[in-house]
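Those protein sequences? They're chains C and W, same order as listed.
The first sequence: position 50 = 50 (the numbering used here), numbered continuously.
To convert, take the position in the second sequence, counting from 1, and add 1000; that gives the numbering used here.
Hints are computed from structural coordinates only; laboratory data are not their basis.
Being a predicted model, the structure only gives us computed values, none of them experimental.
Careful, some of the hints might be misleading.
With the Cβ distance kept under 8 angstroms, some of the chain W side facing chain C (calculated, not the full set) [stated by the list, open to error]:
| hint | residue |
| --- | --- |
| 1 | 1171 |
| 2 | 1173 |
| 3 | 1216 |
| 4 | 1234 |
| 5 | 1239 |
| 6 | 1242 |
Here are the simulated lysine to any residue pairs, SDA-like style, with alpha carbons at most 25 angstroms apart [claimed, not checked]:
| hint | chain 1 | residue 1 | chain 2 | residue 2 |
| --- | --- | --- | --- | --- |
| 7 | W | 1236 | C | 32 |
| 8 | C | 26 | W | 1226 |
| 9 | W | 1220 | C | 30 |
| 10 | W | 1220 | C | 223 |
| 11 | C | 26 | W | 1215 |
We put the CB at the ideal spot given by N, CA and C, even for glycine.
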Amino acid sequence: MSFTEWIFLLGGLAVVGPVIAHLLAKPRFRRLPFTMLRFLRTGQVESRSRRNLRDLLILLLRCAIVVLIAMLFARPLLHIRLKPSESRSVHCLGLDNSMSMAYSDGSGSYFDKLKDSAVDYIRSTEDDALFNICTLASGDWMQGLSKGQALAEVKALKVEPGGANVADFLSGLKRIGSVEHSGDKISVLVLSDFTPNTLRQFINVAKPVSVNKIDYEPIVSSEPVNNAAIAGARVVGLADGKLTINAAVVNYGQVLQNRLLTARTEENRSAPIDINLSAGQQKVYQVQLDVGAAGRQPSVLPIELSLSDGDGLKPDDTFYLAVSIPGHEDLNVLFAGDNENQMFLLKTATNTLSRTNSYDVLRIKQVPMSELAVSDLDWADVVVCSGIKDRLGDLASDIESFIKDGGRFVCFVTEMVPAGAAKQLWQRDILAALPGKFIQERAYIQPKPYDSTASGVDHIAARSLSNYKIDRILLKGYFKCEPHPDARLLWQLQNGFGLVYLKRFGGGTSILVNTSVDDSLGSLTKSNASVAFCRYLLGESRQVEEYCFTRDQRIVLPISGKDQFFAGKEQIWIETCDGRNRRAVVADSSLLIPDPAGIGWVKTLGKPTIYAGINLPQGETDMTKPVAAELTGVMSRVFTAGAESDVSEAGVIRDKKNRPLWKIFAWALILLLLVEPAVANRLKR
Amino acid sequence: MDLVARCAVEGFFAGLHPSPFHGFSVEYSDHREYHAGDELKFVDWKVFGRSDKLYIKQFQQETNTTAYILLDSSKSMSFAGDGVVSKMDYGSYLAAALSYLMLSQSDSTALILFAERVIKHIPPRSRRTHLNIILTALQYNRPEGQTNLAGVLHTFAETTKRRGIVILISDLLDDEADIFQGLAHLKFLKHDVIVFHTMDHQELNLDYEGLIQFEDLETKARMRAFPQSLREGYRKRVSEFLDNIEKTTGNSGIDYCLLDTSEPLDRALVAYLAKRKRMM
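Isolated chain C (complex conformation) (with noise of 0.2 angstroms):
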């Protein structure tokens, strides 16, 4: 016998308890003078001798119940040694359900001649057989099935969007040989049409799975393979309301195509392109689609690429592809500056920032920070000052507002901060950081964000800027920063002091920028990054962004902060691809979509309505058929017959029947705790 869990057994030191109590317990009676002691010795009388036995009784079974609690807990093994005739045979089935498999000739579907070979092979199987059988798309395993059951279980098998999952069938492969049936006949066999997805996973295997017999069909037709697929899809640019795709199209087969490309939205549909492949080219072809009033408004637009018939795999013939389109909005840019050459550094990155494509239209305006007034602001969607000055301090209750209603304010400081307005727009929580101190040394910026989740910021930005070699910018002083407790730290000094500083508030943002919009402490609005810098400051991308998955993706679809839909809530409630409704978890500016079961689309429920494109995984449905020298070459890598290999499992328990006995053990236990109270009783008697 062994232990799983070993060092449980330690718990069975608790045994001191009871005997400690059985030492230092005294026995309880009452005295009581009496006349007929003649009459009562004749009975059983309680005599030390039988006291202490009782007692000892007693102690015995309360220390067996303690010992019985640890083992338990300890997860034991009763290891049988087996004589030959004794071991079962046990069958493991690795059925590969992958989408590749729903590839149809003219005789049928790959998954129906899985079928029929599997049914075929537990029917030829002995009567008492185990079988445990595996799906490779989930990884899914059915244990413990009798013939009957698995005929049952092979039958009731669909194939499942998705690609194969060799490592989950092995896996359980090794625990079945090792645990649940050591000593056992395991014979293994596996159905796969073996795509090169597939194969690669088993070539990839490092270490061998022993078993007493392997078996394996390549499930693949005897005619030429018809499959073309759409391999990926990307949006290359919106102009005059036309999106542009490129669309990857591959021919997996071996069967020339001439095919017809289209996309089309819910109203709109593209102008088909002729495909013609050859087998296994690959070309990209590009798509215009007229996306109409859909462009000018911020939505995200789903998007069906597909080719039109003639292969023998259709779900691949379909790719989903969201894109969020970011509308046309005008910006309006204040700067507000103690003189306009203190602006013009940042004033001209961001005029060449208009003439990008980012802005419909981006209006700039200048004014000097004595005269900033209530107007401007009202004007303005962005707010650009070059200092916290006693003007912003007059005009706190306004800047508040201002941003309560959705506007941006960006603050640079000077070297010198007036206490008072800072004070003021501090209590207003206005500022994301209260600058402290001015520390003058030299200092350098990180390569790149502290923080690349928050909201509220152009995270495209953000990565562009470390392109420009940001860590190489010197800065001449700094301020020690107080952040505002709601307040995230975006940028940081090479010192570990804060340089971007960001603050939601209300429907807008607040940033507090550690230097100054000038050269006068430190060279950031002088560098090459001051258009990449400016771009990240001025708000979030208004780039044309892609949702588009694989089945085997984790999901996570980014959402606007300004979105009032997604304020305050932790759940929101979503379509799945099965058409089912699901809840996904909203986390700061991402939404984590869980299972998207199947392929299709996903789609938030209410409005606006977020859409991703589930898709196969790249590759699944490459119908190139596997060599056979090539498959039996890997196949016997990875599945070793008998003890040979494997040595470090099969040595040791190859002739052993590893019995758990947690169930007796627990048994015993009950049975103890209810007899304990029952003996107890009675040996007081």
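Fit chain W to the supplied structure of chain C, relying on the hints for placement.
Just chain W now, with coordinates in the frame of chain C:
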């Protein structure tokens, strides 16, 4: 004690009654045939003159009987199972009540208190003031010493010449054979014997629970036991003991009355009066 005795006897006292002993006194009772050895002065010559047969005249004795109350005062009599009335108290009340009853009928009443030996012997008197002496003796009597019932009975039988009613109040916790020999000795001397066997309710039933260390009142012997486990056997053995006593006393013509100290004294008095009636 006087009050207890009065209360117990009220309702049972039925007035004076004839003496059960036939003697040669004043009041004619009956005739019987003459046997050799009878005194000639009791021959009824008138009857001889008429019938030519010798008859003896019998007369009823006018004096009342003598009652000897023997009260066991050994330590075992101090047992009070429920802590209210000990066997000693119960026996004393019974002795007082019987004394009151008998002295009210002008019966001579004696009281003998004993344990290993006779502790106090109040000789028989029929005066009403004799009751005070008996009650005082009962009141100041304290249980002490071990029981030696057989020895005391033999001593009593040897030292008492006048026949009478011997009332034994005891828990009879002594050797059964010796007790029977002592009682047989009394019976042999023509005494009428009534045995009031006083037992506590707990002695009869052993209704205790839990682990108990029993300590013998007389021998100081100790024994630890769970009474619930002994109860059945104990009751059986006590029952056999009582059956044996009742059977043996019955065979010897001795009246036996088992008294449970948890019950009133009525039963004892009824038993006594029934005995007196049979003796008439």
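Structure-based check of each hint:
Contact between residue 1171 of chain W and chain C, as hinted, is supported at the beta carbon level, the nearest pair being about 7 angstroms apart and thus within 8 angstroms. Using the Cβ-Cβ criterion of 8 angstroms, the hint placing residue 1173 of chain W at the interface with chain C is satisfied: the shortest such distance is roughly 6 angstroms. For residue 1216 of chain W, the interface hint holds, the least distance from its beta-carbon to any beta-carbon of chain C being 5 angstroms, beneath 8 angstroms. Using the Cβ-Cβ criterion of 8 angstroms, the hint placing residue 1234 of chain W at the interface with chain C is satisfied: the shortest such distance is roughly 5 angstroms.
Because the beta carbon of residue 1239 of chain W sits about 10 angstroms from the nearest beta carbon in chain C, more than 8 angstroms, this interface hint is broken. This hint is violated: residue 1242 of chain W has a C-beta 11 angstroms from the nearest C-beta of chain C, more than the 8 angstroms allowed. Of the pairs offered as hints, the one joining residue 1236 of chain W and residue 32 of chain C holds, with about 21 angstroms between alpha carbons and a cut-off of 25 angstroms not exceeded. Using a Cα cut-off of 25 angstroms, the hinted pair residue 26 of chain C and residue 1226 of chain W holds, with the two alpha carbons roughly 16 angstroms apart.
With a C-alpha separation of about 16 angstroms, the suggested pairing of residue 1220 of chain W with residue 30 of chain C holds against the 25 angstroms cut-off. Straight-line distance between C-alpha atoms of residue 1220 of chain W and residue 223 of chain C comes to about 110 angstroms, which puts the hinted pair past the 25 angstroms bound. As the CA atoms of residue 26 of chain C and residue 1215 of chain W are separated by approximately 20 angstroms, the hinted pair is consistent with the 25 angstroms bound.
Figure legend: structure checked against the earlier numbered hints; hints not met, in rising order: 5, 6, 10.
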